[in-house]
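Q: The listed protein sequences derive, respectively, from chains A and F. All residue numbers for the first sequence refer to the working numbering, where the first residue is 756 and numbers rise by one. All residue numbers for the second sequence refer to the working numbering, where the first residue is 756 and numbers rise by one.
The hints are simulated quantities; they were obtained by calculation from the structure and are not laboratory data. Warning: the hint list may mix true and false statements.
Since the list gives no way to pick out one identical chain from another, each pair is judged satisfied if it fits inside one copy or across any two copies.
Said to hold, decoys possible - As a list, the in silico SDA-like pairs of lysine to any residue whose alpha-carbon atoms are at most 25 angstroms apart: (1) Lys-859 with Asp-760; (2) Lys-842 with Gln-885; (3) Lys-842 with Ile-871; (4) Lys-808 with Glu-886; (5) Lys-859 with Ile-784; (6) Lys-808 with Ser-821; (7) Lys-859 with Ala-818; (8) Lys-808 with His-783; (9) Lys-842 with Ala-863; (10) Lys-808 with Gly-788; (11) Lys-859 with Gln-890.
2 protein chains.
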Amino acid sequence: MPARDFFHQAVKNALIRDGWLITHDPLHIEFGGFDFFIDLGAESLIGAIREGKQIAVEVKSFAGASSLSDFHAAVGQFVNYRLVLSKADPERVLYLAVAEFVYKSLFATGFGQMAIEAHRLRLLVFDEEQESITQWIE
Amino acid sequence: MPARDFFHQAVKNALIRDGWLITHDPLHIEFGGFDFFIDLGAESLIGAIREGKQIAVEVKSFAGASSLSDFHAAVGQFVNYRLVLSKADPERVLYLAVAEFVYKSLFATGFGQMAIEAHRLRLLVFDEEQESITQWIE
Numbered sequence: 756m757p758a759r760d761f762f763h764q765a766v767k768n769a770l771i772r773d774g775w776l777i778t779h780d781p782l783h784i785e786f787g788g789f790d791f792f793i794d795l796g797a798e799s800l801i802g803a804i805r806e807g808k809q810i811a812v813e814v815k816s817f818a819g820a821s822s823l824s825d826f827h828a829a830v831g832q833f834v835n836y837r838l839v840l841s842k843a844d845p846e847r848v849l850y851l852a853v854a855e856f857v858y859k860s861l862f863a864t865g866f867g868q869m870a871i872e873a874h875r876l877r878l879l880v881f882d883e884e885q886e887s888i889t890q891w892i893e
Numbered sequence: 756m757p758a759r760d761f762f763h764q765a766v767k768n769a770l771i772r773d774g775w776l777i778t779h780d781p782l783h784i785e786f787g788g789f790d791f792f793i794d795l796g797a798e799s800l801i802g803a804i805r806e807g808k809q810i811a812v813e814v815k816s817f818a819g820a821s822s823l824s825d826f827h828a829a830v831g832q833f834v835n836y837r838l839v840l841s842k843a844d845p846e847r848v849l850y851l852a853v854a855e856f857v858y859k860s861l862f863a864t865g866f867g868q869m870a871i872e873a874h875r876l877r878l879l880v881f882d883e884e885q886e887s888i889t890q891w892i893e
């Protein structure tokens, strides 16, 4: 099992506050002879629209030396996990959890926006100090 | 400029042997306020069909502790570089260079083949000892 991301607990707390039940920590999927571990699996407990909605959340801190390398790695994980989920758990929707400051410095840039659109990324933006979700980007 | 990949020189030699002129080492693209460095840029000198064809090659050794993490990172680099090239240098075709043993253990698996198709990966498979290209996967 891979090491937990630095913001793992903060995102978990933010989801619980937002009305989600954490069902998997991590979400383990065995597929094609490989073991995939997505950080969290959760199910919504409240909200008329999203009740029963199942999500998978990969938490990325972007704590590496090159934020662009982290960006590539996060995009690769996202598109591969989405591919595996589409076969193994097609109802579950995948999100990449990134802190506000990462969203602003990378994802909100021209290149970041282009990548979000081209790769159809879904983001959960969180405030790491408040441990709250500030934005869902679909 | 990022550190050169372990197999950088082997791929460069394999390309030269195959009739390519190395035009960039690395290929630097400035886009949207970020600097992207793709390992190699090359142009074909021979071959009726491919004469003048321009390529960009990202070399991946997969020398990390988890080959699946390396796989995610390589896929992320590939789809992001392809996105940037489509805007900044649309005639140039991007390839991921991987050694035979990596191709067999990862890309030739069921999951690997599914990822190649879903992400439309292009591969240049090389023999790292012979320093020769064994397969182009389009």
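Q: With reference to the structure, classify each hint as holding or not holding.
A: Going down the list of hints, with the structure as the test:
For the homomeric pair Lys-859 and Asp-760, the shortest alpha-carbon distance inside one copy (20 angstroms) is at most 25 angstroms, but the shortest distance between copies (30 angstroms) is not. For the identical chains of this complex, Lys-842 and Gln-885 are neighbours neither inside a copy (35 angstroms) nor across copies (38 angstroms), given an alpha-carbon limit of 25 angstroms. Taking identical chains as interchangeable, the C-alpha atoms of Lys-842 and Ile-871 lie at most 25 angstroms apart whether they share a chain (22 angstroms) or sit on different chains (15 angstroms). When the C-alpha separation of Lys-808 and Glu-886 is checked against a cutoff of 25 angstroms, the pair qualifies only within one copy, where the shortest distance is 21 angstroms, while the shortest distance between copies is 51 angstroms.
Taking CA atoms no more than 25 angstroms apart as the test, Lys-859 paired with Ile-784 passes between copies only; the shortest distance there is 22 angstroms, against 31 angstroms inside one copy. For the identical chains of this complex, Lys-808 and Ser-821 are neighbours neither inside a copy (35 angstroms) nor across copies (32 angstroms), given an alpha-carbon limit of 25 angstroms. When the C-alpha separation of Lys-859 and Ala-818 is checked against a cutoff of 25 angstroms, the pair qualifies only within one copy, where the shortest distance is 15 angstroms, while the shortest distance between copies is 32 angstroms. Taking the shortest Cα distances, Lys-808 and His-783 sit within 25 angstroms of each other inside one copy (18 angstroms), while across copies they are farther apart (43 angstroms).
For a Cα distance limit of 25 angstroms, the shortest separation of Lys-842 from Ala-863 across copies, 18 angstroms, qualifies, whereas the shortest one inside one copy, 30 angstroms, does not. In this homomeric assembly, Lys-808 and Gly-788 never come within 25 angstroms of each other (Cα to Cα): the closest approach is 28 angstroms inside a single copy and 37 angstroms across copies. For the homomeric pair Lys-859 and Gln-890, the shortest alpha-carbon distance inside one copy (12 angstroms) is at most 25 angstroms, but the shortest distance between copies (41 angstroms) is not.
In this structure, the earlier hints numbered 2, 6 and 10 are contradicted, and the remaining ones agree with it.
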